[in-house]
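A.B. asks: Chain by chain, the residues run as shown.
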Amino acid sequence: MSASPRLPVIQDAPAEPGAPFSRRGFLKTAASGAALAALAACKPAAVVEELERRNFKELKKDELAAILVRLEKRYSEEYGKGVTVTATGPMAGVNFGYGLDLSRCIGCRRCVYACVKENNQSRKHPQIQWIRVLQMEKEHGVDLTHATPYYDPELVPEPGHFYMPVQCQQCRHPPCTKVCPVKATWKEPDGIVVIDYDWCIGCRCCTAACPYGARKFNWAEPELPAAEMNPVTHYLGNRPRPKGVVEKCTFCIQRSRVGRYPACVEICPVGARKFGNLLDPNSEIRQVMERKRVFVFKEELATEPQFYYFYAT
Amino acid sequence: MTARPSFRRRALGAALLLAIPALERASEPAEATLEAPAGPLDIQAEPPPFTEGIFPCSQCHDRAVDAKPKQLAFHDEIQASLHHGPPSRWCLDCHDNAKRDFLHLINGELVPFTASYRLCGQCHGDKYRDWRVGVHGKRVGMWNGAKTYFLCVNCHNPHSPRFKALKPLPPPIPPQDQGFAASAPASAPEPRKAP
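Sequences listed follow chains E and S, in order. Just so you know, we're using numbering that gives the first Met the number 0 here: the first sequence kicks off at 0 and counts up by one. Just so you know, we're using numbering that gives the first Met the number 0 here: the second sequence kicks off at 0 and counts up by one.
For lysine-lysine, the following PhoX-like pairs were computed, each having C-alpha atoms within a straight-line distance of at most 25 Å:
1. K291(E) to K126(S)
2. K163(S) to K137(E)
3. K297(E) to K186(E)
4. K186(E) to K60(E)
5. K137(E) to K126(S)
Covered stretches of chain S, as calculated for chain E (at least 3 residues, CB under 8 Å):
6. 125-133
7. 136-143
8. 156-170
Label-pair restraints from in silico Cβ distances:
9. N281(E) to G107(S): 28 to 38 Å
10. T144(E) to G84(S): 37 to 47 Å
11. T312(E) to W89(S): 22 to 32 Å
12. Q121(S) to E136(E): 33 to 43 Å
13. P46(S) to G201(E): 43 to 53 Å
14. G84(S) to L154(E): 17 to 27 Å
Calculated directly from the structure, the hints in this document are not laboratory data. Note that this is a predicted model, so its numbers are computed, not measured. C-beta: ideal position from N, C-alpha, C; glycine also.
Given the sequences, and given the hints that come with them, work out the whole structure.
C.D. replies: Below, the structure written as structure tokens:
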């Protein structure tokens, strides 16, 4: 027998000299080229350009800039206001961590709606909310079999209950990014797990893989009233999403990457939400970790969240 | 609510520095610096929430009075809602008798209303320590720069400090009520069973 048995390897000819096989290269092959030409005949040039582009992480600076300009123009026309779309990158030496004080949270859901507003989530049909507040029973502790997100009493907190808001945990080993067949979602160097809505094919593998229910799918055209649209957007964050893509919490990437607290931190009336740089020993989140009893949700799954729950009292 | 005007910050910083003896400043724990370039307590804070027209107190209280607890003929609201510690708690435990525009610590040191957290910290030392490093309380602004610290009294009414219950915002609409389940009749969805 010759060396080791191998499967036959089919090598694609590089589309451009020196370039690896790429979506762009594929689209330029004869068959798809013809289809694209037909498409170009009936669609504006921008659509063709969008189909032709590379993965976000492979974009050259000028290509990304052109995409941002195109998106700004499109959104500004659609929503009748000056919409900005940035793609601010991660800061050096920053890894974000989030703390949530379960002994303080009263379940008022102010965070849910501040998030919806800041991040341009679909309002009612379909309703998309990146934060889900679970009401749990003190008697049972953190136990999902005794939890409901649908509580609606006159006043909160209700006696005998506590509240556990759940959103994307920005895992260090995110199951969602592993299963994505097209690499439309990945973890950034500052810890934020992001989605490129223009790359997402809507297969929802990530939604199924996430053990926290943090990923939401746009089952219908999102309902985002122009008057309520937040015009300060980030490409990987709160820019308007189309129907058929997945979205989730990004620690308000459009805010946190320029130094601001996420919207949910600032709205919380009881100060239960903490945010900061895990690499800075003086940051609020590090102080929390050093002084309080901290845990991560579903630790046994080894997803290693960068979202920490704690008890201040 | 990002950066507050710098004059307020400087004025507050100056007021705080004046109010705190040098000795105590030197003994501040090192980790308690609140990202302050100018001094350990140079913080940006929301002004204390006074009722309109109530400050300065010396408008009415222009001299020291008999300090014994008694039923007042004024400040009805505060008297009715005073729930802070034991029933023996009384105005002049915290408010200074002679200088009404100030509070006083247990050692008699005067504290301006803008630094009332020092007074709170006398009894609630654990919360005070947590608040100074950002574990207790709320901050808004920049996580890596200028931020506004909410003072104790911005969230807790000093006369009735327990946090009040709130009306929750609406619960999420269950998926079956969002109009996508073609098979289920939209008018009469299945009653949800408790989990």
